[in-house]
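Use the sequences and the hints to build the structure in full.
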Amino acid sequence: MRATPGRTCGLVICTFAALHCSRPARADEAQSWLEIETKYIFGFTTGSGIGIEGEKEFTVDSIGRFGKRDGRYAATETKYEYEFTPSQFVQIEFGALGSTHNIRGVTDLDDRNQVAFAGGFAEFRYLAIERTSNNPLSVTLAFEPNARLIDETGGAHVHNYEFETSINADLELLRNRLYAGFNLLYEPEYTHTLADETIRESTLGGSAALSVRLTPGVLIGAEAWYLRHYDDFGLSAFTGDALLVGPTLYVQFTPKSFMVAAWNTQVWGREVGNPQPLNLAEFQRNRVRLKFAWEF
Amino acid sequence: MTGKKRKLILAAACAVAMLPISVAQAQQATEVQLTYTGGQFQPNEVRAPADKPVVFRIKNLDGKAMEFESKSLRVEKVVAAKSEGVVNVRALKPGRYEFFDDFNDKARGALVVQ
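Note that the protein sequences, when read in sequence, are chains A and B. Heads up, the first sequence is in our numbering, so the first residue is 1 and it goes up one at a time. Heads up, the second sequence is in our numbering, so the first residue is 1 and it goes up one at a time.
Be aware that one or more of the hints could be misleading.
[What the hints assert, rightly or not] Pulled a few chain B residues facing chain A out of the computed Cβ check, cut under 10 Å:
(1) ASN88
(2) ARG96
(3) PHE100
[Claimed, not checked] Incomplete in silico selection of chain A near chain B, CB under 7 Å:
(4) GLU35
(5) ILE52
(6) GLU53
(7) GLN88
(8) THR132
(9) SER133
(10) ASN134
(11) PRO255
Since the hints were made in silico from the structure, they are not lab data. In this text, all values refer to a predicted model and were calculated from it rather than measured experimentally. Think of the CB as a built atom: it goes at the ideal place given N, C-alpha and C, for glycine as much as any other residue.
Written as structure tokens, this is what we have:
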């Protein structure tokens, strides 16, 4: 079996899980643990956490996408992000995007090997329902506009505007121990290419994730994403869908620093007009997330 | 959409986002006094009524700084040695809200809102 970044990431997460599961924590141990911020404990799924008032964070968040129908495909996008919480209900983030593309022999994509500044983004998060000791559900509404100079999939120079809108919910199933996360996503995108072509598309989807806290600073879990792609904003020109699943890992190094790792692989998918299994036109075979954050 | 309409929508969105904060500020706050000494909060459990903002007054009597922090209250404040810190919290729903010293997580306490 060839080692891919996805498999390597999966192996790291599974090894971590095996090591920690071999020393199960006592059932009542978690009662004495400090509460945890849920935003980043579910991998690609975003939890409802918005941080604490006055908190600031710097983050490097990389997402790698690997594998198309043929040839060799590897693309990454990294967010260099500043995040702050100005009130007890609102969180704001903004930053720059960097991308890499390593493409060779993929149908419908030009061969490319490049590293580029890809654009910028901002995110506004509003805590709509807050968790209390009597209510385990917490819900946050998020809106994230992105402006890109580099096409996320093919790496070509474009003008791309994406308006990601999502609902991030999570449930504390067992106090300080077991959490479930859910996302609903609508992501309309407008792209203007150098060939003067205009593309309108959108992605609609949802996810479900489960994360268990093994020690105060380590959580492992699994998530599933179902994504649908449309060639318009109004969700009428359906072009295909995909189901991705994979493991997640969250590790808190110190009270002010942590990392997130996640790997999703496409287990089912379809493209309109293509009888072959999986949807590798709009989505990828594997995606990997690696994020490091420092609070200050 | 005209520029005037766009400004109106933006103003309305900002007003909705700030609503919980402004409502909380309009109500009279409940003051909670805490003392931090010997690396512990005293008292380590305090009470406040529901649906009213809370103001924590934390007196740090120790010789080193502490950081009052709570994930569920969504606040943090560094209080220097031999000084007092004030933390404003929104109106809260009934429940138990834990807090701790981020520089010494053995120092724990809770606010019980009824």
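We went through each hint and held it up to the structure:
Hint on ASN88(B) holds. Least Cβ distance to chain A is approximately 9 Å, under the 10 Å limit. Of the supplied interface hints, the one on ARG96(B) holds, with its beta-carbon coming within about 4 Å of a beta-carbon of chain A, less than 10 Å. Proximity of PHE100(B) to chain A holds as hinted, the smallest CB-CB distance being about 6 Å (cut-off 10 Å). The beta carbon of GLU35(A) comes within 4 Å of a beta carbon in chain B, closer than 7 Å, and the hint placing it at the interface holds.
Of the supplied interface hints, the one on ILE52(A) holds, with its beta-carbon coming within about 4 Å of a beta-carbon of chain B, less than 7 Å. Annotation: GLU53(A) was flagged as interfacial toward chain B, and the flag holds, the nearest CB pair being 5 Å apart, inside 7 Å. Hint on GLN88(A) holds. Least Cβ distance to chain B is approximately 5 Å, under the 7 Å limit. With 7 Å as the threshold, the beta carbon of THR132(A) comes within range of chain B, its nearest partner Cβ sitting at about 3 Å, so the hint holds.
Because the smallest distance between the Cβ of SER133(A) and any Cβ of chain B comes to about 4 Å, under 7 Å, the interface hint for this residue holds. Interface restraint check for ASN134(A): the shortest CB-CB distance to chain B comes to about 5 Å, inside 7 Å, so the restraint holds. Annotation: PRO255(A) was flagged as interfacial toward chain B, and the flag holds, the nearest CB pair being 6 Å apart, inside 7 Å.
The structure meets every hint from the earlier list without exception.
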